[in-house]
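Each residue of the sequence shown is one higher than the one before, counting from 3 in the numbering used here.
Bear in mind the hints are in silico, worked out from the structure with no lab data behind them. Hints should not be assumed to be uniformly reliable.
Straight-line distance between alpha carbons at most 20 angstroms, and here's what the computed PhoX-like set of lysine-lysine pairs gives [to be verified]:
(1) Lys298 <-> Lys254
(2) Lys276 <-> Lys254
(3) Lys330 <-> Lys298
(4) Lys300 <-> Lys276
(5) Lys300 <-> Lys254
Source: prediction; values computed, not measured.
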Amino acid sequence: MIKKLLSIALIAVGVNSINAQSFSLYYSFSSVPQGSATPITVDPTPAPTATGINSGSFTAVGTGTGSTTSGVFSFVGWGTGATSGNNTTFTGAIDLNRYYELVLTPQPNYMYTLNNMSFGATRSGTGVRHFAVRTDRSSYATNLAATYTPQSSAASNSIQPISVQGGNTFFWNDDAVTGNPAFASYNICDVAFVGPNYTNQFTPINIRMYAWDAEAATGTFRIDTLRINGVATMSLGVGLSKISHDINAKIKLYPNPSNDGFVTVDVPTNNYSKVEVLNILGAVVASQNNALAEEKVKLDLATLPTGTYFVKVSTGDKSYTEKLIISK
3 MIKKLLSIAL IAVGVNSINA QSFSLYYSFS SVPQGSATPI TVDPTPAPTA TGINSGSFTA
63 VGTGTGSTTS GVFSFVGWGT GATSGNNTTF TGAIDLNRYY ELVLTPQPNY MYTLNNMSFG
123 ATRSGTGVRH FAVRTDRSSY ATNLAATYTP QSSAASNSIQ PISVQGGNTF FWNDDAVTGN
183 PAFASYNICD VAFVGPNYTN QFTPINIRMY AWDAEAATGT FRIDTLRING VATMSLGVGL
243 SKISHDINAK IKLYPNPSND GFVTVDVPTN NYSKVEVLNI LGAVVASQNN ALAEEKVKLD
303 LATLPTGTYF VKVSTGDKSY TEKLIISK
């Protein structure tokens with residue numbers, strides 16, 4: 003018989019945290035060369051550094067090669083869907099195979115929380131009209147919450163170069179070309195990292211910027227500067243040392259890794275008291291008592307974010323623990 007784990011109780015993380023430090027990762031693109039003579043797709047500028055987190059280099063995927071302008075990240079080859087700057091209807095759509103990407107990775111014994119990302123964007127006269135930011139936490143299916151700070155002032159009635167449309171999509175308004183150079187006081191695009199998938203994370207995160215509806219294949223999408231703000235915290239997990247030395251092959255998990263959060267647990271005996279799922283800090287994020295004395299338990303962990311967990315089966319004075327990877 004198989005019993006489904008019916009309830010998942012999210013419990014406050016039991017963790018000793020020290021040295022919480024705010025970080026601000028600034029991408030200047032100052033070493034990006036111009037032209038096809040140096041056909042780069044990866045920003046050669048040294049990636050920004052901060053305690054607790056490693057930042058990857060900005061990369062262009064599925065676009066042309068070679069930045070059209072030095073000192074910025076500007077590429078052609080985006081999907082078309084507009085014929086002029088006056089278009090109000092478009093024929094293109096987001097292409098998940100064309101994007102700019104960067105990867106953030108926590109350093110050992112650190113977790114991180116992301117707050118927001120601000121950037122200055124520009125397009126050429128035939129450049130893209132729509133752009134958005136997504137991450138692997140939604141499998142690149144959902145745009146991050148977007149805001150735009152106007153060029154002159156928040157109260158200005160003049161037509162601004164950029165606006166935010168429904169679905170958190172940035173839109174270049176009629177005939178607008180220049181965007182957000184070098185972090186002026188206004189005219190800034192910003193996205194917010196909201197929810198548990200961006201709080202106290204232990205696994206790398208991929209951030210992508212998509213652009214589409216260019217007026218021509220030679221039109222650009224240019225990022226002038228970019229900054230990511232967050233907090234990195236050194237963590238000492240409660241109970242983690244107990245988990246590590248209990249790991250053995252006496253229980254079986256399948257599939258493992260799990261792509262959807264549904265996992266079956268084969269336990270060595272039906273005389274166990276409970277099954278618990280713990281995160282990497284040792285905090286219990288799901289639990290179920292053994293009321294029916296069954297040897298198979300089906301875990302429904304679909305609401306848990308991507309990461310490493312431990313499934314612990316307790317029986318008498320013994321416990322059996324196995325590592326579980328959730329990879330959505």
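Evaluation of the provided hints:
no. : hint              : verdict
1   : Lys298 <-> Lys254 : 10 angstroms, holds
2   : Lys276 <-> Lys254 : 16 angstroms, holds
3   : Lys330 <-> Lys298 : 23 angstroms, violated
4   : Lys300 <-> Lys276 : 13 angstroms, holds
5   : Lys300 <-> Lys254 : 12 angstroms, holds
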